[in-house]
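Peer 1: Residue strings, one per chain:
Protein chains: 2
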Amino acid sequence: MSSTLSIKRFFSRFGAVVLMCTSFTIAFIKPVAAQTLNKQQQAGMAALKKTTLNSDLSYELVESLTTEVGPRMMGTPGDAKSIVWAVDKMKSLGFDKVWTEEVTSTQWFRGEAKARITSPYPHNIVAIALGGSVGTGEQGITAQVAQFDSLADLKAAKPGSLKGKIAFVSYKMSRHIAGKGYGAAVGTRVNGASIAAEKGAVALIMRSVGTDSNRVAHTGVMRYKEGVNKIPAAAISNPDADLLLNQLKRGKPVSFQLTLTASIEAEQVIKSANVIGEITGSESPEEIVAIGAHLDSWDVGTGALDDGIGVAMVMAAAHHISKLDNRPKRTIRVILYAAEEVGLLGAKQYMIDHKDEVKNHVMGAEWDFGVGKIYEMTPRVGPKGLKAVDDLAKYLAPLGVKSSGKNNGRASSDMGLLTDAGMPSMRLSADGSHYFDYHHTENDTLDKVSPEDLKQNTAVYTLFAYFAAQASVDFRK
Amino acid sequence: MSSTLSIKRFFSRFGAVVLMCTSFTIAFIKPVAAQTLNKQQQAGMAALKKTTLNSDLSYELVESLTTEVGPRMMGTPGDAKSIVWAVDKMKSLGFDKVWTEEVTSTQWFRGEAKARITSPYPHNIVAIALGGSVGTGEQGITAQVAQFDSLADLKAAKPGSLKGKIAFVSYKMSRHIAGKGYGAAVGTRVNGASIAAEKGAVALIMRSVGTDSNRVAHTGVMRYKEGVNKIPAAAISNPDADLLLNQLKRGKPVSFQLTLTASIEAEQVIKSANVIGEITGSESPEEIVAIGAHLDSWDVGTGALDDGIGVAMVMAAAHHISKLDNRPKRTIRVILYAAEEVGLLGAKQYMIDHKDEVKNHVMGAEWDFGVGKIYEMTPRVGPKGLKAVDDLAKYLAPLGVKSSGKNNGRASSDMGLLTDAGMPSMRLSADGSHYFDYHHTENDTLDKVSPEDLKQNTAVYTLFAYFAAQASVDFRK
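As you go down the protein sequences, you meet chains A and B in turn. To get our numbering, take the position in the first sequence, counting from 1, and add 91. To get our numbering, take the position in the second sequence, counting from 1, and add 91.
These are computed hints drawn from the structure, not numbers from a lab. Fair warning: there could be bad hints in the mix.
Any copy will do: because identical chains look the same in the list, a pair fits if it lies in one copy or spans two.
Pairs of lysine-lysine, DSSO-like flavour, derived with a Cα cap of 27 Å [unchecked claim]:
#1 K188 <-> K420
#2 K130 <-> K568
#3 K539 <-> K271
#4 K263 <-> K539
Note that the coordinates shown come from a computational prediction; the quantities given were computed from them, not determined experimentally.
Start from the sequences, fold in the hints, and give me the full structure.
Peer 2: Okay, structure coming up:
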């Protein structure tokens, strides 16, 4: 208890700025009495818990999105359909305000991917273009494979040593509840092509960033370094990467043919939109509790997990809150971001469009990771907000959510930009052990969604949003 | 004890014919002393157990087959390569005799499959032609979908009621350790097209016969009924079947486009071969203990499970036995059947080629199911063989193999034809809980093979074959 008190004294002396930049571990104290919410608001929490745990609304929403819209990569017909879908749904769900904000980009076409080991033992290989890759031309590229265990090994290759070769990074992502294997694997996808090109490679192939054993390759965004030759980049499936390694270990040269008909149309501007809906606050409508997800998906699955369930649960959360007798004090803003997959374009646009309003975002959380139940909460709030967070934890504990004991919870993906700009945030961590089995593949489909888990997810987001909109505390302070 | 004895008296009175046609349950007795093998032979069993559990040979063989040959559907270049591979491997493994026996058939080309829901909500669908299906023509077939929960429901449809429609059977296979869900699901694949055609349908689509949740469709052989219009038939993946059902349940007509460029070239004769190798018996070389698997696979994966591991373990078993100081009394014959997948063609040819020799097959077992450890043994032997089987069970029990207590063990797939012709047989049941996740798909690849399980599998087959080749009993009697 004493150590906790001394930490609290420390924060009250050095203030919120220090707190929000640190990853210091904090042992939350049990509050003597719950004072963040009044009796009526506590009754609201109880009612919302009951409603959300017994409602199929969020499942119905993700079923509708994946069945009636499907894949929705920026610039595709599905993207346009999803915007109409989201606006219509928000209106029918009783949101007080619904609007869109334009997001633009240049066009990229995936085209087709064909890959094949041509010698010593010919095999067809399952491959997919990385998002943003240039194509190979119709005739493809055939070259000898130079294999690297990791991106670090590729970086260490001598300049010119890959001249005329296809670089192959075989690093395998590991499984983890919080997706911790992703960080170590994704660098190759984002930066590998330019690093390989600097060594003279004519193309990059990589083992998919994924934890599955399916012959399905994982796409995802990549970037070219300015001034470096743009070479085609593709991911191959895990079993195909194993096969390629087994051929390579025989010591003979392995020849690989890659054909990507992808193309970048730099002059062609495509449009999408952030879709925003609000439940207007009754006392401080200018203060915003933001809950978000991204509406776009990759073009290969139906984006059920990434990020259909997020879209569904934040829409359902706002709807359930809107059905109470009274609006909460603060405004609840549901932000469905455009074009997250292709580089957080919707989030970046939001930061421009709402530059002057960022300070009014009093709390926010985004869902963009996980496939199971939420097991942990990590705030990022000012010292005065910590007590309220402890109080919230009491409501979420019966749902299986534990406090991480840290106060460094950056919001997920898009909304991380708001955290970085000073918005108090909550990271609600869901079980992601199997998330990367499906991530950015054809297999991201509705059957992977557990209706029971989704009820818990929705309950947590709903209680969080309502609590933040009613709390008698300023989380920023 | 007494009930067991009375069963034994029953069998000695009514003989082997009755026994081998019944599925009567038998409680095996514990033999007072193991007399089936002599001391030297018991030492042989001990040596083989030690060798097989410490050898990587069978894994190396399946790694070699899948890496250097890959898919090997009858009539494809991979099929021809696999025959050369098997002959070479058997020779290098020290088999006493190695030869091939020609198997012929007509040519079928898979071509490409494209499928799409065109309305009310357009979606691309993952589909694959069933083996033997006719094509749709390049322009494809577009028609309204008529859905049935099961093959029985399709059969119950009124004649003419499906005129101009695509029949869709959505029956979902269940998971079971012994693959018991397969029987209930596979009828649609084999016979569904002609049943649908009799009702007027223009094509059949079906939910894949598989237990996975991947967007990968399962192929497998189908047959047309004589005199009925041949319509194209395809399987769609489990998630795609779910999506189609979700569109149908909205009550609007669902339109589906199917394009299969498959074709049957009835006049084009293709050749394959059964590959046979022997370890020649030292005392009764004319008596054959047969261990088998099929060498062919479908053209989509690398046939690691179906039936690469079977090929590997029976080859390894014979090799390990050949390395003992003395040859067993009887001949051990390894039969690698051709063209199992397209209709047991190699097995049927074997029955013709070896018609006069069937009576000399004193015991046999085939591996063509499972992906895990062998957990159960079920013989099908004459009454005198039962005691020897009890003795064998003592050797296999420490490896985790239990007696099923039945005496109706038909050998798997190809070799079932020999069982039906009177060959005493052993069914060695492996865990197949996850077998149908990969069966007949691109995902049947080496990474699904557990090196540890394969050691146990190989140990069991090796001990079984050696025991049968040495046993001082005639299993037929």
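Peer 1: Confirm or reject each hint.
Peer 2: Evaluated hints:
1. Only within a single protomer do K188 and K420 lie at most 27 Å apart by alpha-carbon distance; the minimum there is 16 Å, versus 87 Å between protomers.
2. Taking the shortest Cα distances, K130 and K568 sit within 27 Å of each other inside one copy (24 Å), while across copies they are farther apart (85 Å).
3. For the homomeric pair K539 and K271, the shortest alpha-carbon distances inside one copy (21 Å) and between copies (24 Å) are both at most 27 Å.
4. In this homomeric assembly, K263 and K539 come within 27 Å of each other (Cα to Cα) both inside a single copy, at 23 Å, and across copies, at 16 Å.
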